[in-house]
Every structure is written in structure tokens, then in C-alpha cells.
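Based on the provided sequences and hints, a complete structural model is requested.
Chain by chain, the residues run as shown.
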Amino acid sequence: MEKSELRNDDDLNRGPAPLLSLVDVKKSYRGRQALNGISLELFPGELLGFFGPNGAGKTTMIRCIAGLLRPDSGSVSLHDQHQDPQQKTPSRLGVVPQSLAVYPDLTVEQNLQVFGRLEGVPRRELAGRISSVLDWSALTDRRRSLVKTLSGGMQRRLNIACSVLHQPHVLLLDEPTVGVDPQSRERIYDMIRDLVGRGSAVLLTTHQLDEVETRCDRIVVMDHGTIVASGTLSELIHRSIGKPHRVTLQFDQPCPKDAATFEFDETRTLATCEFESMRELPRMLGVLETLEIEPTQIHVRSVGLQDIFLELTGRRLRE
Amino acid sequence: MTLTIFRIMLLRLWNNPLELVLIFVVPVAFFSLFAMIFSHGIATSENKRVRVGIIDPGQSELASQLVEVFEKNKAIDCQHPTKRNEETSIKDFVLEIQATKQFDLLVQVVPPEAPPAEEIAEEPAQSRSRQSGRSPQVTLITDGQNPMALAIVQAIVQGFFLQRAAEARLAGLPAIEFRQRPDEKQAREPPSNPSEQVPRHKRMSLKTLSKIRDVDEVFTEEATDFTDETNSQTINWPQRADPADPTAANPTDDDENRAEVSRDSDASASEELDFVVQNPQSGNQQHPQVAMYAAGIAVLFLLFSTTGNAATLLEEQETGTLDRILGSQAGLIDVIFGKWLWLFVLGVVQITVMFTWADLVFGIHLRDHLSGFLVMTASTSAATASFGMFLATVSGSRAQLSALSVLLILSMSALGGSMIPRFVMSTRMKEIGQWTFNAWAIDGYQKVFWYQLPIKSLQNEVFVLCGSAIILGLLSLILSRRWKPA
Chain C
1 MEKSELRNDD DLNRGPAPLL SLVDVKKSYR GRQALNGISL ELFPGELLGF FGPNGAGKTT
61 MIRCIAGLLR PDSGSVSLHD QHQDPQQKTP SRLGVVPQSL AVYPDLTVEQ NLQVFGRLEG
121 VPRRELAGRI SSVLDWSALT DRRRSLVKTL SGGMQRRLNI ACSVLHQPHV LLLDEPTVGV
181 DPQSRERIYD MIRDLVGRGS AVLLTTHQLD EVETRCDRIV VMDHGTIVAS GTLSELIHRS
241 IGKPHRVTLQ FDQPCPKDAA TFEFDETRTL ATCEFESMRE LPRMLGVLET LEIEPTQIHV
301 RSVGLQDIFL ELTGRRLRE
Chain W
1001 MTLTIFRIML LRLWNNPLEL VLIFVVPVAF FSLFAMIFSH GIATSENKRV RVGIIDPGQS
1061 ELASQLVEVF EKNKAIDCQH PTKRNEETSI KDFVLEIQAT KQFDLLVQVV PPEAPPAEEI
1121 AEEPAQSRSR QSGRSPQVTL ITDGQNPMAL AIVQAIVQGF FLQRAAEARL AGLPAIEFRQ
1181 RPDEKQAREP PSNPSEQVPR HKRMSLKTLS KIRDVDEVFT EEATDFTDET NSQTINWPQR
1241 ADPADPTAAN PTDDDENRAE VSRDSDASAS EELDFVVQNP QSGNQQHPQV AMYAAGIAVL
1301 FLLFSTTGNA ATLLEEQETG TLDRILGSQA GLIDVIFGKW LWLFVLGVVQ ITVMFTWADL
1361 VFGIHLRDHL SGFLVMTAST SAATASFGMF LATVSGSRAQ LSALSVLLIL SMSALGGSMI
1421 PRFVMSTRMK EIGQWTFNAW AIDGYQKVFW YQLPIKSLQN EVFVLCGSAI ILGLLSLILS
1481 RRWKPA
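Protein sequence lines, in the order shown, are assigned to chains C and W. Using this note's numbering, read the first sequence as starting at 1 and increasing by one per residue. Using this note's numbering, read the second sequence as starting at 1001 and increasing by one per residue.
Each hint should be verified, as a subset may be incorrect.
[What the hints assert, rightly or not] Part of the chain W face toward chain C, derived, beta carbon under 7 Å:
id: 1; residue: Thr1319
id: 2; residue: Gly1320
id: 3; residue: Thr1321
id: 4; residue: Asp1323
id: 5; residue: Arg1324
id: 6; residue: Gly1327
id: 7; residue: Ser1328
id: 8; residue: Gln1329
id: 9; residue: Ala1330
[As the list claims (entries may be wrong)] Think about it this way: if two alpha-carbon atoms lie no more than 25 Å apart in a straight line, the pair counts; the simulated DMTMM-like pairs of lysine to aspartate or glutamate are:
id: 10; chain 1: C; residue 1: Lys148; chain 2: W; residue 2: Glu1316
id: 11; chain 1: W; residue 1: Lys1484; chain 2: W; residue 2: Glu1318
id: 12; chain 1: W; residue 1: Lys1101; chain 2: W; residue 2: Glu1071
id: 13; chain 1: W; residue 1: Lys1484; chain 2: C; residue 2: Glu175
id: 14; chain 1: W; residue 1: Lys1091; chain 2: W; residue 2: Asp1368
id: 15; chain 1: W; residue 1: Lys1101; chain 2: W; residue 2: Asp1077
id: 16; chain 1: C; residue 1: Lys26; chain 2: C; residue 2: Glu175
id: 17; chain 1: W; residue 1: Lys1456; chain 2: W; residue 2: Glu1096
id: 18; chain 1: C; residue 1: Lys26; chain 2: W; residue 2: Asp1323
id: 19; chain 1: C; residue 1: Lys243; chain 2: C; residue 2: Asp265
id: 20; chain 1: C; residue 1: Lys148; chain 2: W; residue 2: Glu1318
id: 21; chain 1: C; residue 1: Lys243; chain 2: C; residue 2: Glu213
id: 22; chain 1: W; residue 1: Lys1484; chain 2: W; residue 2: Asp1323
id: 23; chain 1: C; residue 1: Lys243; chain 2: C; residue 2: Asp307
id: 24; chain 1: C; residue 1: Lys148; chain 2: C; residue 2: Asp105
id: 25; chain 1: C; residue 1: Lys148; chain 2: C; residue 2: Asp135
id: 26; chain 1: C; residue 1: Lys148; chain 2: W; residue 2: Glu1315
id: 27; chain 1: W; residue 1: Lys1484; chain 2: C; residue 2: Asp72
id: 28; chain 1: W; residue 1: Lys1484; chain 2: C; residue 2: Asp24
id: 29; chain 1: W; residue 1: Lys1456; chain 2: W; residue 2: Glu1087
id: 30; chain 1: C; residue 1: Lys243; chain 2: C; residue 2: Glu276
id: 31; chain 1: C; residue 1: Lys148; chain 2: W; residue 2: Asp1323
id: 32; chain 1: W; residue 1: Lys1101; chain 2: W; residue 2: Asp1368
id: 33; chain 1: C; residue 1: Lys148; chain 2: C; residue 2: Asp190
Everything labelled a hint here was simulated from the structure, so no lab data went into it. Yeah, the Cβ is synthetic: ideal placement off N, Cα and C, and Gly gets one too.
Pasting the structure below:
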């Protein structure tokens, strides 16, 4: 399947209007095209997983959405309003940077106070929102602790908490679970799910493919500044690899005879077959009776995002 | 293993050019700087002669001879300051000249036939008994900053008059009598009657005259007194006997000892030379030099604290916090101005703490100079705040800022007078020092606390400091555009 067929796919029939829209956004740095015509929509209550190789343009795209970069062309709209980096208006957009962008020598509560004020939360509402966010992030007990004394997971949760004080409708998270233990990761996804459950739209970039596979409603694969695939996991599989399951036969010598539905490699020591459902597996393996030699190994596995990712972006190192 | 650890350290240093600069270049740069200051800045060479200004020299032969002596002496750079406006009092005239710091010392020579010189210090020297038409008057006017200059010029003046006395003796004139004052310790004891107390006119022993060539002794024993006192001493000057001399017939009340000595000698054979050392700044405070040191140290540490605090901008950039702030409702101008305001307030508080301490402990009379202090503190803090922001915006990283600030601040402090008083520097080094905040700030504080000049006199310092604050502030804004959405 051609990659071009997978680009800018947004053909799902969604009811509500998108909270965030990117239309043909282009941005270049020093002659290098960082974004090459990105179009994307994010809907209420949607968790969108965004992933791609290093240097694919993910962070550039987030900076464009956040208003930290001005696209060369195209438009970024939030609530159908054009995002202009020069205009500072009360925003329903929250950005959680990849780094711990909090003040380590301030307490948890002091960080929330200053970032709440910076996001334009009214003074009279700030205390209530801080209490709410502290509960949400399970940091109430540590509200008076200096951030530098917190664990990595707590700091990550605070990093997110600082970005939701102004109750954003769209939250951008740039690799929010880097370097945290499984328990903290679960807590962070609980927080994200809670936000999504309340109608917010969340765009998440990560290299944790299992997180995207299991937690995101929709997945976008980005490479070389373009969206190369978009959709649910099964949609991506069908559009990239084809079928979700794969059986592989390994021989210790070239197999002289073809096997129906299996494809041999050049050495004829490896035969592969893809299929839709595990129920088909007995029928697939029935072909073994027709072969003159026996395979030394038989591998059966389901296709994952890793396969899709490598299929779409290739195996060549990018950096 | 040890060698491997050694190699790791070596490689880390080798891969860090800023560290290399700090370790190897900065010390050499500072050595060169101090070598320049001490080899060309302190009185050993041509441009470090004691700068003596002659005011109202008069037309007498005596004054001309003294001026000639100054002009011939290689240790003295003798100049005539601008003529005094008739409407300006001699004290204001002197203060204006001193504030320009063109001279280490001013010398006023009043010939015998001229009317007595106006008092420069607030309280006149009580030992002075000169009357018009009776004796010459030589006044050394110091701002108390350079006791070495005072000692040198004093020695030259005294030597000049001793030589004239010797010539008089050879010419057959009556013998010179160096009339010894009472023992110095005795003289320093407070009088039993407070009305007899001489508040700031400590009488000096004529020992300095009898040992005039022992310059070290002059410096060590008495030069320190010149910094905040007005001193007066009287030399009996040989002269032909004059029956009409009222001082011969009626010795001054304040020096009975002299009168007593006169009875043992030929009293009618001498007249008095009024030789006075005055410090117009000595009126209102005990330790004027403390204000200069307070200003110097305060500006030095202010520069370090402002650059240290301005470094948070780079720290925020490196951690992504700046992006988060710029993505919020705050704009770049809010960030830059907010940080500038913090640095300004921090500077004001830091300097105020320093001067409050100096006032409490060293008595610099802060409350008497509050308005001038506030003007200088605000100007200095504004300039240093902008300087800190400028360095932060021009630097690419905190490490770069650290190296740059150490180099610049220490250089500025060395040249600008925070480390070494500028009066010991050569004219050239002083000119170079004028490119530093330290020099302008210290000059301004000196005008306030030392020369006790009105706020109006601070216009140059305020103009330079506030102008620098505006220019550097604008440059900071321009340079900070690299963080602006592009």
C-alpha cells in the first residue's frame, strides 16, 4: 500500500466540531522542512497518540500549536479561532513540555500558584483550582514540599498539573511518561483519561508504543514532517501491513517446494504468511503436510505498532 | 585505574572551552590588569604625579616662588584651576573642583599684603592668628582621599619655607625659632573647659618641621589625621624686627606656650606663616571614606547578584520553563521586564542594606544624605539590572554567562574603583575606569557622602547610569527576540 494513501487521513465520521484543527501547516528551519503540510483535527473526548522517529517534526508541530512557533504557511485553529503567536488571549490550550518545566526551588503549591496566574486563572478561583488539581495529581500530601525533593514520578505529575489549572479544552503532552516507574505511569494515564472523560481533547507524543497501542483512541504516525498514517490501530495495520497476524516457518535448508499462501525469501529458508484471524491458524499450518521437509521453527505472532512503525518509517537510523 | 580517572578529568576539561578560558585565560587577564594598574597607575611614573591645583595664587613674589617650586618638582603636576566666579564662595568653588577629581590637592597662597583667605572648612582653625598685611598664608585643601599627596605637598611647602628661612639666616636676618608646641599627647588631651575644645582643628606638633626630611614619619604619624580633620600649624617666619607688630606685643591667647618661648628668644625678630590644612568635607561625618568603600563593595556584589539572578532566564530556557511561560498569557516583554524589575528592586535593597549597616556601625550619616543616596541607588540599581539582563540575553548558556560575567565584573570592579581606590590610579587608568558602572556609581556616592554636594551635582552620574540602563535594557529586549515565536 502506498504511503501517500495513508496521509492526512481523517475520514472518520465524527459528530462534534473539532477542538483543534491544523490545515496544511508548513514550517522550515534553516532550509530544512520540519513540517511539510500537516493537516489534523482533534475532537472533544479524544486521546490522540502521536509518534514518529526522532526528528520527525513532532515537537515542532506542538510548538506551532502552542503558539511558540509561527508556521510558514497553513493555519492552526483552536475552537475555530486562528492561533496567532503575537496575540495573548485567554487560551483553552494546555501544553506539558517534555522537560520538567517547573521551578525546583519552589514548593508544589507555589509552582501551581505562579503557573496558574501565568495562565490567567483569576485570583479568587486559584486556591480552589489548586486544591482540585492537587487531588487530581495525588500531590496533596506534598503540597508544601520543594519540588526538588519529590520523586521523578511526582515531578512529572506536577508538570502536568501546572498545565491544567486553567482547565484547557485541548492538552498537548510531549512525552509525559519519560523516566517514570510503572506505578507513576499508570497514575499519569489515569489523570489523562480523567481529562478525556470530561470532554477534553488530548494530544500525546511518545515513543512508548505499547502506551499508544493500548491507551489512545487514534494514532498518528509522523515522519519527515508529514503525517504518514492516521487512524485506529486496526486501521493502521490494514493500511500498512495488511493483516494483523503472521506465521513464519524457519527451515535449516532451502525448501524445494512452494507452500500455498506462504511466501519464501530469497534463500528459501524462511516462509511467511499473514492472516486476519487466529481461527485461520490451523488451516494455515495444514500446508506443512504438503512440504517435503519439516520446518525447524514455527513463529506465530500478532502485528504490533512496532511493525507498523518500521513498515512506515523504515529501519534506517535517523540520528 | 588512577590514570583512567586522570584522563577522564583531562578530557572533560579539554572538551569544555569555557572552563579552559576560566582556568588559564582569566587569571592571566587579571594579572595583566592589575599589573597595568600598579605599574602605570600608582605614583611612580610621569602620569602619576601628584596633581596640585593652585587657586587664587596672587601676584606676590612669595606665591610665585612657591608655584615655581611646584612646577619644577617632578613629583608635582601643578595646574591652575578655572578662575573662580566672583559670585561663588571659595568653599563652593573648592567643592566643585574637588568633585571633578582633577586634582589630588589644592593649594591656596595668600601673600602678606592680601586680605585673609576665606574659610573653607566650616569651622576656622583656631590657632590661626594671621591678620591682613602681617604674614603669608598657605592653605592645603584636601578631600581626604589621598593622604600621600597631602604629605608630599606638605613636605615640599615646608621645605620651601625652611630653605627661605635658612637663606634669611645666611643673609644676617635674626635666627629662626621653631617653637615647640606642648607635648603631643598633652595637646590631644581634652581640655577641662569644653569651650576650649577644638572640634576639628587638631593642632599638630612642630616635630614635623624639625624632622621635615623624615617623610615616613609625617605619613605614618600624622597623615591619617588629615583625612577628616582640618589641621593648622604655625611656623614662625623670620622677619626683620617690626615694633608695630601687634602679635609680638600681644601673643595669641591660644598659644601661650609659643608666647613663652618667644620671651626666651628674639620675639621681635619673627612673623608668622599661616600654614593650614583644610578638609571641607570633614564637617558632617566621621568616616567619609567608609561611604566610598560601601559603594565600591555594594556595586561589586550587586553586579554579581544581578547577573546570577539574570541567569535564571537561561536556566528557564534550558529547562523548557521559558517555553511554558511564553506559551501562557505572559509575553516576552513581560518576562524581560519582570526580571529587570526584580533585579532593580533587589539592587535597591542590597545597596540599602549595605549603607544602613555602614550608617549604624561606621556612622556615615545616611539620613543626612537620604535624597542623594536614593537617587544614586536607584540609578545604580537600574544600570546593573540592565547590565545583568544584557549579559543573560547575549549569552548562549549559563556556563557562557558565568564565564563572561566573572571576566567582565572583576575587570570593571578593578578598573572602576571597587577593588582599588581610583585616586591611586593614573589619569589613563582613571579614564578607562570611566567606562565602568563602578566608577560612576562610586563617584556619585562620593559626591553625596564625601563632598556632600547637592543632588543637582549628580546629573552626570545619573545621566550615564540611567542612560546605560535604557540602552542595555533595549539591547536586552532586542537580543531576547531569539526566544520570540518565529
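Results of checking the hints against the structure:
| no. | hint | verdict |
| --- | --- | --- |
| 1 | Thr1319 | holds (5 Å) |
| 2 | Gly1320 | holds (4 Å) |
| 3 | Thr1321 | holds (4 Å) |
| 4 | Asp1323 | holds (6 Å) |
| 5 | Arg1324 | holds (4 Å) |
| 6 | Gly1327 | holds (5 Å) |
| 7 | Ser1328 | holds (4 Å) |
| 8 | Gln1329 | holds (4 Å) |
| 9 | Ala1330 | holds (5 Å) |
| 10 | Lys148(C) - Glu1316(W) | holds (15 Å) |
| 11 | Lys1484(W) - Glu1318(W) | holds (15 Å) |
| 12 | Lys1101(W) - Glu1071(W) | holds (20 Å) |
| 13 | Lys1484(W) - Glu175(C) | holds (24 Å) |
| 14 | Lys1091(W) - Asp1368(W) | holds (20 Å) |
| 15 | Lys1101(W) - Asp1077(W) | holds (14 Å) |
| 16 | Lys26(C) - Glu175(C) | holds (23 Å) |
| 17 | Lys1456(W) - Glu1096(W) | holds (12 Å) |
| 18 | Lys26(C) - Asp1323(W) | holds (21 Å) |
| 19 | Lys243(C) - Asp265(C) | holds (19 Å) |
| 20 | Lys148(C) - Glu1318(W) | holds (16 Å) |
| 21 | Lys243(C) - Glu213(C) | holds (16 Å) |
| 22 | Lys1484(W) - Asp1323(W) | holds (10 Å) |
| 23 | Lys243(C) - Asp307(C) | holds (11 Å) |
| 24 | Lys148(C) - Asp105(C) | holds (6 Å) |
| 25 | Lys148(C) - Asp135(C) | holds (20 Å) |
| 26 | Lys148(C) - Glu1315(W) | holds (15 Å) |
| 27 | Lys1484(W) - Asp72(C) | holds (15 Å) |
| 28 | Lys1484(W) - Asp24(C) | holds (23 Å) |
| 29 | Lys1456(W) - Glu1087(W) | holds (18 Å) |
| 30 | Lys243(C) - Glu276(C) | holds (5 Å) |
| 31 | Lys148(C) - Asp1323(W) | holds (20 Å) |
| 32 | Lys1101(W) - Asp1368(W) | holds (23 Å) |
| 33 | Lys148(C) - Asp190(C) | holds (24 Å) |
Consistency note: the structure conflicts with none of the earlier hints.
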